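For this one, chain A is given, so just place chains B, C and D on it according to the hints.
Here is how the chains run, residue by residue.
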Amino acid sequence: MDFAPTEDQQTIRNAVAELAGKFDDEYWLEKDEKHEFPWELYDAFAKGGWLGITTPEAYGGHGMGITEASILLEEVSASGAGMNGASSMHMSIFGMHPVIVHGSEELKQRTLPRIVNGELHVCFGVTEPEAGLDTTRITTFARRDGDDYVVNGRKVWISKAQEAEKILLLTRTTKFEDAEKKTDGLTLFLTDLDRSKVDIRPIRKMGRNAVSSNELFIDDLRISAEDRVGEEGKGFFYLLDGLNPERMLIAAEALGLGRAALRRAVRYGNEREVFGRPIGKNQGLQFPLAESLARLDAAELMLRKATWLYDNGKPCGREANTAKYLCADAGFEAADRAVQTHGGMGYSEEYHVSRYFREARLLRIAPISQEMVLNYLGSHVLGLPRSY
Amino acid sequence: MDFAPTEDQQTIRNAVAELAGKFDDEYWLEKDEKHEFPWELYDAFAKGGWLGITTPEAYGGHGMGITEASILLEEVSASGAGMNGASSMHMSIFGMHPVIVHGSEELKQRTLPRIVNGELHVCFGVTEPEAGLDTTRITTFARRDGDDYVVNGRKVWISKAQEAEKILLLTRTTKFEDAEKKTDGLTLFLTDLDRSKVDIRPIRKMGRNAVSSNELFIDDLRISAEDRVGEEGKGFFYLLDGLNPERMLIAAEALGLGRAALRRAVRYGNEREVFGRPIGKNQGLQFPLAESLARLDAAELMLRKATWLYDNGKPCGREANTAKYLCADAGFEAADRAVQTHGGMGYSEEYHVSRYFREARLLRIAPISQEMVLNYLGSHVLGLPRSY
Amino acid sequence: MRWELSDEQELLCSTFRSWLERAMPAAELRALFDAGDPTAFENALVGEGWTSVGFPEDWGGQGGGLVELALLAEQLGRHGAPSAAWLSSAIAAPALAGSRDVVSRVLEGSEAACLVVPGDHVIDGGSGGVRADGTALSGAVTSVVSADRARHLVVPAVGAKGLRLFHVDVHADGVQVRRRTLLDRTRGVADVTFVGAAASELNCDAGEALRDAALRAAVLVAADTLGGIDRMLELAVEYSKQRKQFGVSIGSFQAVKHAASSMLVQAEAARSIVYYAAASVDQGHEDRVLHAATAKAQVTPAGVEAADTALTMHGAIGYTWEHDLHLFYKRAKLNEHLFGGSAEWNERIASALPLLAAG
Amino acid sequence: MRWELSDEQELLCSTFRSWLERAMPAAELRALFDAGDPTAFENALVGEGWTSVGFPEDWGGQGGGLVELALLAEQLGRHGAPSAAWLSSAIAAPALAGSRDVVSRVLEGSEAACLVVPGDHVIDGGSGGVRADGTALSGAVTSVVSADRARHLVVPAVGAKGLRLFHVDVHADGVQVRRRTLLDRTRGVADVTFVGAAASELNCDAGEALRDAALRAAVLVAADTLGGIDRMLELAVEYSKQRKQFGVSIGSFQAVKHAASSMLVQAEAARSIVYYAAASVDQGHEDRVLHAATAKAQVTPAGVEAADTALTMHGAIGYTWEHDLHLFYKRAKLNEHLFGGSAEWNERIASALPLLAAG
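Quick note, the sequences are listed as chains A, B, C and D, same order. When the letters of the first sequence are read in order and numbered with UniProt numbering, they come out as residues 1 to 388. When the letters of the second sequence are read in order and numbered with UniProt numbering, they come out as residues 1 to 388. When the letters of the third sequence are read in order and numbered with UniProt numbering, they come out as residues 1 to 359. When the letters of the fourth sequence are read in order and numbered with UniProt numbering, they come out as residues 1 to 359.
Since the hints were derived computationally from the structure, they do not count as laboratory data. Be careful, since some hints might not be right.
[To be verified] Covered by chain B, per the in silico footprint, the following chain A stretches (three or more residues, Cβ under 8 Å):
{"no.": "1", "stretch": "128 to 142"}
{"no.": "2", "stretch": "256 to 265"}
{"no.": "3", "stretch": "360 to 371"}
[To be verified] Capping the alpha-carbon separation at 25 Å, the derived lysine-lysine pairs in DSS-like fashion look like this:
{"no.": "4", "chain 1": "A", "residue 1": "Lys281", "chain 2": "C", "residue 2": "Lys241"}
{"no.": "5", "chain 1": "A", "residue 1": "Lys166", "chain 2": "A", "residue 2": "Lys234"}
{"no.": "6", "chain 1": "A", "residue 1": "Lys234", "chain 2": "A", "residue 2": "Lys181"}
{"no.": "7", "chain 1": "A", "residue 1": "Lys281", "chain 2": "C", "residue 2": "Lys244"}
{"no.": "8", "chain 1": "D", "residue 1": "Lys244", "chain 2": "B", "residue 2": "Lys234"}
{"no.": "9", "chain 1": "A", "residue 1": "Lys108", "chain 2": "A", "residue 2": "Lys234"}
{"no.": "10", "chain 1": "A", "residue 1": "Lys22", "chain 2": "A", "residue 2": "Lys34"}
{"no.": "11", "chain 1": "A", "residue 1": "Lys34", "chain 2": "B", "residue 2": "Lys34"}
{"no.": "12", "chain 1": "B", "residue 1": "Lys281", "chain 2": "D", "residue 2": "Lys161"}
{"no.": "13", "chain 1": "A", "residue 1": "Lys175", "chain 2": "A", "residue 2": "Lys234"}
{"no.": "14", "chain 1": "B", "residue 1": "Lys281", "chain 2": "B", "residue 2": "Lys181"}
{"no.": "15", "chain 1": "A", "residue 1": "Lys47", "chain 2": "A", "residue 2": "Lys166"}
{"no.": "16", "chain 1": "B", "residue 1": "Lys181", "chain 2": "B", "residue 2": "Lys108"}
{"no.": "17", "chain 1": "B", "residue 1": "Lys108", "chain 2": "B", "residue 2": "Lys234"}
{"no.": "18", "chain 1": "B", "residue 1": "Lys175", "chain 2": "B", "residue 2": "Lys197"}
[To be verified] Partial pick of chain C residues on the chain B-facing surface, computed with a CB cut under 8 Å:
{"no.": "19", "residue": "Trp19"}
{"no.": "20", "residue": "Ser261"}
{"no.": "21", "residue": "Leu264"}
All values derive from a computational prediction rather than experimental measurement. Glycine included, each C-beta is placed from N, C-alpha and C at the ideal position.
Isolated chain A, as found in the complex (with noise of 0.2 Å):
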C-alpha cells in the first residue's frame, strides 16, 4: 500500500484552493441569496483550463482521472463556495463521459472543446418525476422523423438548465413496455435547449439558490440524429460507467463542504469571547469539533481509495457508494454542528455556516439518497434478498 498523493495530485489541489480562494464568503452569501450564478467563478475556472481536467487531449483537456477531478471539485467545494460553486462546473468536468466515450468524432470535435474552454454550458437531463431512481422507467419519448427525432417529456431536477445551451438529454426511443429488456430502447442525445420548445420552470428550494434547479416541460422539440450520443438503443448502458464516478464526485463535494463549515466553526471558536475567554476552550463546543475532523478524514479515505480503484479499471461500486454516504453525513454533521458552534449567529445568513447546512442537506438526498445506498450495499455486496 501506498497512501501518498502523487506530486501533481498535490499541485492540482493547491492551485484550485487559491483560485477558489479568489472568490470569498461575502461573494458566495450574495450570489445564493440573488439566485445568480456564479459566473465570475465559472469564467475563472475555464480561463485556468480547469473544466477539461478529465477531458482527453485531443480536444483540448488533460486527460486526468476521477481522482483529480475529485480533488478540484473537494477543493472548490471547502473554499467556501460549496455546492454552489461545485454545481456551477460539475457537469463540465465529468458530465461529458458518455460522449467522450461513445460520441461520433464529428460530435465531439463540436462540443468538448467548447466545454473546455468555458463557452458551452450543458445540463444533464435524465431525472423524471415519475421515474423515481428506476432511470428505465423515464417517459420522455423520442419519436424518429426522418433523420430527426422529435422529442415530448417532462424532466425535473435538471441543474443548469437556465444557464445550459445544450442538454445531455435521454429519451425513450421504445417503450418501456415494448422494450424486450427494459434497460434496453433509451437513446442519449447532446442537443440544444431550445427554449421555444422546451419550458424551463425553476423549482423553489432550500438551498444551493446560486445554480438552479428546474422543471422541463418539453413539447416537439426536434433533434438531429447528429446529435444522438452513439447508438439508438443503448443510452442506458452509456451512462452506467458514470454512475459511480457521478457519487465520488458528490461525495469529494462534501467533503469539501464539510471542511469549509469544520473551518468557520473553529473560526468562530477562536475569535467569539464570552466574558473574555474564547468559546473555543469549552470541551462541549471542541469535542463535537474533533470528532467531525475525524470522521471527514475518515470519510476521505474511503472517497481515496474508491476513486484509484476506478482510475485504475478495478470495480468500485461498493467503495463509490461508501464513500458517498460517509461523506455526506459527515459533511452534514461538520454543518450542522458549525450551526451549533456559531449559537444565534448561526442562524443567521452572515456567518455563512446556515448556507453550508442548506447546501450540506441536499447531499443527503442527491443523487442517491442515503437510503438507496445502504439498499444498494444490501443487495450487492451482502447478497441480502431485494426488497422495497
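For chains B, C and D alone, kept in the frame of chain A given last:
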C-alpha cells in the same frame, strides 16, 4: 396521577386547530418567501380573543395558565404555521408576564387591553451581542434625566421589531462594574419603539422569515418614568419567572412543528407511488417515522408535566429545561426525516417540509441551546461543579 | 390533570426501596449474581408481601394496579434485583384471575406464575407453537422468561376451538424445563417442552388476555430500565465527583457534564413515559397500545445508551467484574429485547400512523 | 498511490486466518472463554512463529511492520482469540529493541512482554506512578493489559534523571501481579505492584517510546475491532438469510437490510482508516498522531454500534451464553476503552484543530 386533559384544554386544542387550519401551507410558503408578517393569521387570533389567553380577566384576557398557552402555540405551530405562525403571537401570549406581575396599574390599563385585542404589538428587547446568555452582562444603558431616562445601546435577535409599536426593553441603570450584585441595577421598560431613535435592521437568516429578527441600534431613546416596569434596578428579577414558561412555550412550538412535519411525511408516503406501490409501504421509510412519533409523544409528556408543575406553583426548572431539550430534538428529527421521506422533493419548498426543517433548526439554538440546557441540568440538578 | 404520584404511591416507592437495600445489600447481590440462585430473594419478596401489591384484593392482592407494579419494577431495576419470577407473575396473573385458588397462591404464596411465550418477542399467542389435544398439551417454546422459577404455567395453545389459554402445573408429567444462561444473570430464561401434559383450560378470552399481557410486559420492562438508568446516573455522577484529573473532579469537565446531563434527560423522559403508559394500560385508554409501545421502544434503548454513557464516564473500572455497573449494563441490554425489541414495537407504532402496512 | 494490500500481505491474512480456524475452532474458543486460560493458544501462536511477524529481522523478527501487525490484530479480533499477550508484546517490543537478547526471546520464545501502564488510558508515562530509586522500582499500576501473561515488564518510572523506561523480570523479588476479571474474558488485565524490584534501565528515549507505543496500541486495538465488526456482520447476515418470518427470510425486510448495510459501511470505513493509520505510524508521517487518533476514536465506537446492531438483528438468541455473538460484543465494548476512550483521543484530535486548549 391523572393525566387526562381538562375539558377546557381539549376545547382550546380543537378550536385553535380549526382556526389555524384556515391558513394553509401555501399561505405560509408565500409569507416565508416574501418575508411578510402573517397579518391575517394574527388578526384572526386577535379577533378570536386568543391573544389574551393568559392575561388576567381584569384586562380583557382569560386568565388561563401556561398549560393552555402551550396548547395554543403547539396547535398553531402544528397547523403548518410552524414558527412563522407561533412567533407572530408568541410575545402577546406570555411576554407581558413581568408587566402583569410588576407593572403599575396605569401601565397595565394603558397596554394590556390593547395587546389582548391585537392592536398593540410588542417586541422583547433583552438579548445583546456581547452578553451571550448571561443577561446580567447587557450594556444598554438608561441614564436618568429628570423624569425621563435616556437610553443608548444595542440589541440583537429582536423578533418582530419591524412590526412592533412598543418594546419591553431591558437596560442597565447601574453599570455591571458598579452594581453590588451582578443581578442588581437592571431596569425594565415598556415603551414606544421610536424609529427616530432606534435603527432597526433585519438579520438575514435561514428560516422563519415571515417574522423578522432584528438588530437594534438605540441612540438617545428618551423614555418616560411612567413606562418603567416596577422599580428601578429590579428588572432582572422581573424577567426571571418568565424563563421557564418561555422554554415551555418554545418546546410546545417545536412539538407542533414536528407534528406538522410528520403529518406531511405520512401524507407523502401514502400518496407518492413508485411503480404502482405507495412508498409508505417501505419499512425503511415507515420505521423512522414511527420512531419520530414515539419521540414526539414522549417529549410531549415531559412538556405537559412541566406546564402542570408551573401552573400549580411547583418548581419546574428541571422539567421545563428537559422539555425544551426533548421537544427541540424530537421536532428537528421529525422535520429531518420528513425531508428524507420526500427524497428530492423534500429539498424543494413546494412540499413545505424544507420550510419546517429550516425552522426546526432554530429551536436547537433558541432561546437557549441544547448544550446550555445540559449545562443547566448538570449544575442545577446533578450538582456537578460549574464549567464553561 | 395531576402529574404527580399520590402520597401513597410515594410511600410505596420509598418503603420498597429501603426494604430492598436492607434485604439485599450490594455484596449479597453480587454473590447471587455469581451463584445464580435467586431463591432466597424470591422468598423474602413473598414473605414481606410485596408480590401481592398491585392486584385487586379479591384475588388475594393488596390493591393498586399497573402503576403500582411499575413503581415496584422501577425499584427492582434500580437495585438490580433478581426479579424475573416477580415479573413473570405480574404479567401472567390476570389470566389466572378466574382461578381464584391459583391466583391467590401466586400472589400470596411462593408459587410464581409464568406465561409460556418466547421472551424475545412481543407477547402474542401465535408464536408459541403449542397444540392442545383436548386438555393435553404438546409442543415447545424457547426462551421463556423465568419458566424455571414458576410453578404455574399459563400456556397459549391452539386446539379444536382455536387459541385458548391453559393452566399447567410445572410438576405435571410431560413438562420439561431447561434453563439457559444469559449475559444478564439477574434474570433467567428457559425452554419449555410439553409432551401430552395435562392442562386445564382457563376461562378467559385468550386473544384479549395476551394483548393485555404484551402491554403489561412492555410497561414493566420499561419501568425496570427506568430504575436502571436512575441508578447508573447516580453511580456515574458520584464517580465523576470523586475522580480527579489534573487536580479537579472530572465532573467539572464539560464533556463529562454533558454526558451526565444527557443521562438525566433520558431518565426524566423515561419517567414521564413509563408512568403515563402504566396508567393508560391500567385504565384501558383507547391509545394504550401506542403508549405502551412508546414506553418500550423509547425507554429501553435509552437505557442501553445510558449504560454506554455510564461506562464511558467510568472508564475501564466499569468493566471490571467487581464493579456493580456491569450488572446494570447487562440488565439494560437484555431489557432492550425482552418482550420485543424496538423494531417490533415500532411496527405497532407505525400502525398508529395512517400509513399502509409495511411490506 | 496504491490503495490495496500487496500480494504478500493478502497471503499473510489468509494464511493466518485459516491457521486460526484450524488451531482454535469455535468450540475450543468457547471452552477457553469459560475456563479463562489462554496458555495453549499462546503457545501455539509462538510455536508457529506468528509472534515474530511484523518485526525487523535483526530483532529476531520475520520482517514487516505495523501494517502487518494490524493485519494480524484484525484476524485475531475477527476470531475472538485470546490475544492479550500478543497485543502487549506487539506494543512493548520496540522499547526492548536495544536489549537484543530480551527482544528476541519475546518474539521467538514464549516470553511475552508488557508495558506497565494503565490499560484504560492513552499510554503516557506520567500516569503510572512508579518511582525509580537507582534501579530499584516501587509503586503500583492498575489494570495493566496482560501483565499476568508477561515475563518481561517494560516499566515507565521516574527517578533522579526523570522519566525512564526499565526492564523488570516478572519473577524478580518485589513484583506482585494480581489479575482482575473483565467482562471480556478473551483478554485480561492485572494490577502490578513493585516494592524495590530490581530493574535495568532501557537504552531508549522514554517519552518517544511511550508516544510511539500509544499510537501502536491505538492502531492495533482499532484493527482488532475491525476484525470483530467484519465477523459480527458475517454472523448477522448469515442469520438474517436463514431466519424466516412470515415465510420470508428476515434479510428481505428493509429495516434489517439497512441495519446490515450500516454495519458494512462501518466495516469498510474502519478498514480504510486502520490500514492508513498503520502505514502512517509505521512511516513516521507528520500527522500520525491525528491518523492513529482518528482510527481509535472512530473505529472502536463503530465496533460497539455494530455489536448493538448485530445483537438487535439476532434478537434474544444473541444474548444466550451459547451463541458466539456475546464474545464479540464484549470484546468490542472493551476495545472502546482499551488504551484510551474516544474522549481522550478526541482531545488529541482537537489539538490538531487550531483551537485553544480545552479548559
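Quickly compare the C-alpha distance for Lys108 of chain A and Lys234 of chain A to 25 Å and report which way the hint goes. Answer holds: Lys108 of chain A to Lys234 of chain A is near 18 Å, not above 25 Å.
Take the C-alpha atoms of Lys175 of chain B and Lys197 of chain B, compute the straight-line distance between them, and say whether it is at most 25 Å. holds, 22 Å
Would you check chain B against the stretch 128 to 142 of chain A, counting CB to CB pairs closer than 8 Å, and say if three or more residues qualify? Held - the stretch 128 to 142 of chain A has 3 residues with a Cβ nearer than 8 Å to chain B, which meets the minimum of three.
Given the hinted pair Lys281 of chain B and Lys181 of chain B, is their Cα-Cα distance within 25 Å? It is violated: about 61 Å lies between the C-alpha atoms, which goes past 25 Å.
Quick one, are Lys244 of chain D and Lys234 of chain B close enough, alpha carbons at most 25 Å? violated, 69 Å
Given hint Lys34 of chain A paired with Lys22 of chain A - CA-CA distance at most 25 Å: holds, 20 Å
Can the restraint linking Lys181 of chain B and Lys108 of chain B be considered satisfied, given a maximum Cα separation of 25 Å? Violated, because 29 Å separates the two Cα atoms, which is more than 25 Å.
Could you grab the alpha-carbon distance between Lys281 of chain B and Lys161 of chain D and see if it respects the 25 Å cut-off? violated, 71 Å
Are 3 or more residues of the stretch 360 to 371 of chain A near chain B, judged by a Cβ distance of less than 8 Å? Per the Cβ count (8), the hint holds.
Checking hints one by one. Is Leu264 of chain C an interface residue toward chain B, by the C-beta closer than 8 Å rule? holds, 5 Å
Starting from Lys166 of chain A, check that the Cα of Lys234 of chain A is at most 25 Å away, please. This hinted pair holds, its Cα atoms lying about 20 Å apart.
Are the Cα atoms of Lys281 of chain A and Lys244 of chain C separated by 25 Å or less? Holds, at roughly 20 Å.
Checked against the numbered hints given earlier, this structure breaks hints 2, 8, 12, 14, 16, 19; the rest are met.
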